[in-house]
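Student: The lines below spell out each chain.
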Amino acid sequence: MTALLEVRGLEAAYGASQVLFGVDLSIDSGQVVGLLGRNGMGKTTTIRTILGLLPARGGEIRFCGDRLNGKPPESIARMGVAVVPEGRQIFPNLTVRENLIAFAANRAAVPDPWTLDKVYALFPPLAARERNLGSRLSGGEQQMLAIGRALMTNPQLLILDEATEGLAPLLREEIWRCLSRLKAAGQTILVVDKYVERLIALADAHTILVRGQVAWRGSSEALSADRTLWSRYLGV
Amino acid sequence: MTPTLIVAQILNGVQLGLMLFLLAAGLTLIFGIMDMINLAHGSLYMIGAYLTATVTSATGSFFLGVGAAIIGTALIGMALEMSVLRQLYKRDHLSQVLATFGIILIVNEIVRMIWGAQPVLLNAPEVLSGPVEIVPGFRYPAFRLFLIGVGIAVALLLFFIVNRTRVGMWVRAGASNREMAQAMGVRIKLLFTLIFGLGAALCAVAGALLGPILSVQVGMGESILILAFVVIVIGGIGSIKGALIGALLVGIVDTAGRALLPLILRDLLGRDAATNIGGALASVLIYLLMALVLFWKPEGLFPARS
Chain E
1 MTALLEVRGL EAAYGASQVL FGVDLSIDSG QVVGLLGRNG MGKTTTIRTI LGLLPARGGE
61 IRFCGDRLNG KPPESIARMG VAVVPEGRQI FPNLTVRENL IAFAANRAAV PDPWTLDKVY
121 ALFPPLAARE RNLGSRLSGG EQQMLAIGRA LMTNPQLLIL DEATEGLAPL LREEIWRCLS
181 RLKAAGQTIL VVDKYVERLI ALADAHTILV RGQVAWRGSS EALSADRTLW SRYLGV
Chain S
1 MTPTLIVAQI LNGVQLGLML FLLAAGLTLI FGIMDMINLA HGSLYMIGAY LTATVTSATG
61 SFFLGVGAAI IGTALIGMAL EMSVLRQLYK RDHLSQVLAT FGIILIVNEI VRMIWGAQPV
121 LLNAPEVLSG PVEIVPGFRY PAFRLFLIGV GIAVALLLFF IVNRTRVGMW VRAGASNREM
181 AQAMGVRIKL LFTLIFGLGA ALCAVAGALL GPILSVQVGM GESILILAFV VIVIGGIGSI
241 KGALIGALLV GIVDTAGRAL LPLILRDLLG RDAATNIGGA LASVLIYLLM ALVLFWKPEG
301 LFPARS
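Protein chains in written order, with our numbering: chain E, 1 to 236; chain S, 1 to 306.
Keep in mind the hints are simulated off the structure, nothing from the lab.
Be aware that a few hints might be false.
[Claimed, not checked] Simulated pairs of lysine to any residue, SDA-like, Cα-Cα distance not exceeding 25 Å:
id: 1; chain 1: S; residue 1: K189; chain 2: E; residue 2: P92
id: 2; chain 1: E; residue 1: K71; chain 2: S; residue 2: K189
id: 3; chain 1: E; residue 1: K71; chain 2: S; residue 2: A79
id: 4; chain 1: E; residue 1: K71; chain 2: E; residue 2: G59
id: 5; chain 1: S; residue 1: K189; chain 2: S; residue 2: M82
id: 6; chain 1: E; residue 1: K118; chain 2: S; residue 2: V167
id: 7; chain 1: S; residue 1: K297; chain 2: E; residue 2: S135
id: 8; chain 1: S; residue 1: K189; chain 2: E; residue 2: Y195
id: 9; chain 1: E; residue 1: K71; chain 2: S; residue 2: R91
id: 10; chain 1: S; residue 1: K297; chain 2: E; residue 2: P92
id: 11; chain 1: E; residue 1: K118; chain 2: E; residue 2: R78
id: 12; chain 1: E; residue 1: K183; chain 2: E; residue 2: Y120
id: 13; chain 1: S; residue 1: K90; chain 2: E; residue 2: E11
id: 14; chain 1: E; residue 1: K71; chain 2: S; residue 2: V97
id: 15; chain 1: E; residue 1: K194; chain 2: E; residue 2: E130
id: 16; chain 1: E; residue 1: K71; chain 2: S; residue 2: M82
id: 17; chain 1: E; residue 1: K194; chain 2: E; residue 2: L167
id: 18; chain 1: S; residue 1: K241; chain 2: S; residue 2: E133
id: 19; chain 1: E; residue 1: K71; chain 2: S; residue 2: D35
id: 20; chain 1: E; residue 1: K183; chain 2: E; residue 2: Q156
id: 21; chain 1: S; residue 1: K189; chain 2: E; residue 2: L170
id: 22; chain 1: S; residue 1: K241; chain 2: S; residue 2: E222
id: 23; chain 1: S; residue 1: K189; chain 2: S; residue 2: K297
id: 24; chain 1: S; residue 1: K241; chain 2: E; residue 2: E130
id: 25; chain 1: S; residue 1: K90; chain 2: E; residue 2: K118
id: 26; chain 1: S; residue 1: K189; chain 2: E; residue 2: M79
id: 27; chain 1: E; residue 1: K194; chain 2: E; residue 2: L170
id: 28; chain 1: E; residue 1: K71; chain 2: S; residue 2: D92
id: 29; chain 1: S; residue 1: K241; chain 2: S; residue 2: N163
id: 30; chain 1: E; residue 1: K71; chain 2: S; residue 2: M78
id: 31; chain 1: S; residue 1: K90; chain 2: E; residue 2: A13
id: 32; chain 1: S; residue 1: K90; chain 2: S; residue 2: T165
id: 33; chain 1: S; residue 1: K189; chain 2: E; residue 2: R67
id: 34; chain 1: E; residue 1: K71; chain 2: S; residue 2: E179
id: 35; chain 1: E; residue 1: K118; chain 2: S; residue 2: T165
id: 36; chain 1: S; residue 1: K90; chain 2: E; residue 2: R57
id: 37; chain 1: S; residue 1: K189; chain 2: E; residue 2: E74
[To be verified] Going by beta-carbon spacing under 8 Å, a handful of chain E positions derived as facing chain S:
id: 38; residue: E11
id: 39; residue: E74
id: 40; residue: P92
In this text, a Cβ means the ideal position worked out from N, Cα and C, and glycines have one as well.
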C-alpha cells in the first residue's frame, strides 16, 4: 500500500537561508509518527512546507498520491490535512464555538465524523466556555480548542506542532491522553514534541532531524533502546 | 442655539456617520484582511453615484437606479480585484498606494470621458423630497431620514453576515490571522473577491444616497475617502464594530462641530472672529478626535488583531 503522506528530498528556505536539505518523511494511514530534533533543526519548517505555507524549493510532497507542491494552503487543508500549530493560533476574535464550527467539514465523508458535541465531550472545559472569545481562554483551553478546531475538519492527517509546549504538567498529560484516544480511533497523526518518552509511548515510528536533514528514522522500540540517539540528537 | 437645532445637527451627524460607515466597512475589511490600502475605494463610490444618476434619469425611478448601481458597482469592484488589485496584495503599502492612486486618476478620466466634467444631476425621489414633521414643530427632510433608515438596515445586515454566518467567521478569522485561516481551508482568493464585491456594493449605496445631497461629480470620491480612512483608524483596522462606532463619532463630531462651534464661539469672540475661527477649528475637529483616540488606544477602539 502507498503511504498517506510521502515526502521525498524536501528542500525549503526562508529567503536566502536554506533550512531543509532533503528531508524524507513517510506516514501510513492510521500511523502515528513523531518528528524530533533540537530547536532550529527544521521541524516546524517541514510542517509549514507540507501545509503549503512555505514553498518547497526542491523535492516532492505527495498526499494520497497527489502532488502537493505549489498548491495553496487552503487546497491542501481541503484535501484533508489539518494542523494544530505552534503557539496554538486560535482566532482571538471568534468565540470558542465559532472557532470550532467555522471550518467544520467532512470532505472525505468519514462515517462517524467529529461534531461539536463530540469535541465538547472530549474537552469538557470548552463546552463551559462556548460563548467566550478565544482571547479569553487559558493556555490549556486554547490548546484544547486548537485540537478541537483541527478535528472538526475531520482530517485524514492531523499534524501537531509542539502541542504540549508551555502547558502545566497535568494539562500536558491530558493532551497526551487525548492523542492516544485519537490514535485508538484510527487517526493518522504527525507529532512534533520535546517529550521523548511520551512520544515513544504514543508513536509507531520516528524521524529525527538535524540541521534540515534526516539523521535517523526508526521504530519506537529502536529509539527507546538506543539512548545514545537521545543525547546525540535530542539533547536529553 | 435651540434644542431643535441641536437635534437636527445630531441627526445630520448620524446620517453622515452611517454613510461613512458604508464606505468604511468595505475599506476596513479590505485593509484588515488583505492588508491592502485601497485608495480606489472612493472611485467605486463615485461610480455608484454616476450609475445611479444615469439609470435614474433613463428609467425615471431612483430606486431602480440604486439597484442597478449596486449590482453594476459590485461587478466592477470584483473585476478590478481579479484583474489589478490581486497583484498588489504581496506588495508593500507604498506600491499599493501608488497603484490605487493611479486607478483613481484613470477612473476619474474615464468618468470625465463618459459623463463630462460638469456635475451630473441626481435628485432625491419625489416621495422623499419633502420634510417630515417628527414631533410637532420639528421638521426634518424625509430623504435624510430615509438615509438614516437605510444606513441602519445595511449596518444590521452587515452585522448579521459578519457575526452570524460562516462566511462572516472566515472574514473575522482572516482579519486576525490570514495564514491560519488558509491552513484551516478558507479559500482566501474567493473570499477576497467576494469581500471586494460587497465593499463595492456598499460604496454604491453610499454614492447613490449621498449623490442627491452632495454633488455627483468627478473627484467626489477623494474627499470622502479621507474621512473613511479617519474612521477606520479610529475604529480599529479590520473591525466592523469599530467602523460603525468610528463613523458615527466622526459624522457627529464633524457635522455638529461645523454647525455649532461658530455659534458657541460667537458669545466669546464676537460674530466675525467666531465664524472664521469656528469654521477653521471645526474642520480639524475630527483629526483632533483621531489624535486623541490614538493617544489612548494606538490600535484604534476595536482592533481586530490583538
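Student: Could you run down the list of hints and mark each one as holding or not?
Tutor: Okay, the hints, checked on the actual structure:
Simply put, K189 of chain S and P92 of chain E have alpha-carbon atoms about 22 Å apart, close enough for the 25 Å limit, and the pair holds. At most 25 Å may separate the alpha-carbon atoms for a hinted pair to count; K71 of chain E and K189 of chain S meet this at roughly 13 Å. Taking the CA atoms of K71 of chain E and A79 of chain S, the gap is near 24 Å; set against the 25 Å cutoff, the hint holds. Of the pairs offered as hints, the one joining K71 of chain E and G59 of chain E holds, with about 14 Å between alpha carbons and a cut-off of 25 Å not exceeded.
Pair hint K189 of chain S plus M82 of chain S holds up; C-alpha atoms about 9 Å apart against a cutoff of 25 Å. Distance restraint check for K118 of chain E and V167 of chain S: the Cα-Cα separation of roughly 24 Å lies within the 25 Å cut-off, and the hinted pair is therefore satisfied. For the hint linking K297 of chain S to S135 of chain E, the alpha-carbon distance of about 18 Å falls within 25 Å, and the restraint holds. For the given pair, K189 of chain S sits about 39 Å from Y195 of chain E by alpha-carbon distance, which is inconsistent with the 25 Å threshold.
Between K71 of chain E and R91 of chain S the CA atoms are separated by roughly 21 Å; this keeps the pair inside 25 Å, and the hint holds. Proximity of K297 of chain S to P92 of chain E is assessed by CA-CA distance (about 18 Å); at most 25 Å being required, the pair is judged to hold. Restraint check for K118 of chain E and R78 of chain E: the C-alpha separation of about 21 Å stays at or below 25 Å, so the hint holds. Distance restraint check for K183 of chain E and Y120 of chain E: the Cα-Cα separation of roughly 18 Å lies within the 25 Å cut-off, and the hinted pair is therefore satisfied.
Proximity of K90 of chain S to E11 of chain E is assessed by CA-CA distance (about 23 Å); at most 25 Å being required, the pair is judged to hold. Note on K71 of chain E and V97 of chain S: the hinted pairing is violated, with a Cα-Cα distance of about 29 Å set against a maximum of 25 Å. The straight-line distance between the Cα atoms of K194 of chain E and E130 of chain E is roughly 30 Å, outside the 25 Å bound, and the hint therefore fails. The straight-line distance between the Cα atoms of K71 of chain E and M82 of chain S is roughly 19 Å, inside the 25 Å bound, and the hint therefore holds.
For the hint pairing K194 of chain E with L167 of chain E, the CA-to-CA distance comes to about 12 Å; that is within 25 Å, so the pair holds. Of the supplied pair hints, the one linking K241 of chain S and E133 of chain S is violated, its CA atoms being roughly 32 Å apart against a limit of 25 Å. A C-alpha spacing of about 22 Å is found between K71 of chain E and D35 of chain S, which places the hinted pair at or below 25 Å, so the restraint holds. At most 25 Å may separate the alpha-carbon atoms for a hinted pair to count; K183 of chain E and Q156 of chain E meet this at roughly 12 Å.
At most 25 Å may separate the alpha-carbon atoms for a hinted pair to count; K189 of chain S and L170 of chain E exceed this at roughly 42 Å. A hinted pair counts as satisfied when its Cα atoms are at most 25 Å apart, and K241 of chain S with E222 of chain S qualifies at roughly 24 Å. Distance restraint check for K189 of chain S and K297 of chain S: the Cα-Cα separation of roughly 32 Å exceeds the 25 Å cut-off, and the hinted pair is therefore not satisfied. Note on K241 of chain S and E130 of chain E: the hinted pairing holds, with a Cα-Cα distance of about 22 Å set against a maximum of 25 Å.
Restraint check for K90 of chain S and K118 of chain E: the C-alpha separation of about 39 Å exceeds 25 Å, so the hint is violated. Restraint check for K189 of chain S and M79 of chain E: satisfied, since their Cα atoms lie roughly 17 Å apart, inside the 25 Å limit. Restraint check for K194 of chain E and L170 of chain E: satisfied, since their Cα atoms lie roughly 16 Å apart, inside the 25 Å limit. Distance check on the hinted pair: K71 of chain E and D92 of chain S sit about 24 Å apart at the alpha-carbon level, within 25 Å; holds.
At roughly 10 Å between alpha-carbon atoms, K241 of chain S and N163 of chain S fall within 25 Å of each other, so this suggested pair holds. This hinted pair checks out: K71 of chain E and M78 of chain S have alpha carbons roughly 24 Å apart, not beyond 25 Å. At most 25 Å may separate the alpha-carbon atoms for a hinted pair to count; K90 of chain S and A13 of chain E meet this at roughly 18 Å. Between the alpha carbons of K90 of chain S and T165 of chain S the distance comes to roughly 28 Å, so the proposed pair goes past 25 Å and is violated.
As the CA atoms of K189 of chain S and R67 of chain E are separated by approximately 21 Å, the hinted pair is consistent with the 25 Å bound. At roughly 14 Å between alpha-carbon atoms, K71 of chain E and E179 of chain S fall within 25 Å of each other, so this suggested pair holds. Restraint check for K118 of chain E and T165 of chain S: satisfied, since their Cα atoms lie roughly 22 Å apart, inside the 25 Å limit. Distance check on the hinted pair: K90 of chain S and R57 of chain E sit about 19 Å apart at the alpha-carbon level, within 25 Å; holds.
A C-alpha spacing of about 10 Å is found between K189 of chain S and E74 of chain E, which places the hinted pair at or below 25 Å, so the restraint holds. A distance limit of 8 Å between C-beta atoms decides the matter here; for E11 of chain E the minimum to chain S is near 21 Å, and the interface restraint is violated. Hint on E74 of chain E holds. Least Cβ distance to chain S is approximately 5 Å, under the 8 Å limit. Against a cut-off of 8 Å between C-beta atoms, the interface hint on P92 of chain E holds, since the closest Cβ of chain S lies about 5 Å away.
The structure is inconsistent with the numbered hints 8, 14, 15, 18, 21, 23, 25, 32 and 38, although it conforms to all the rest.
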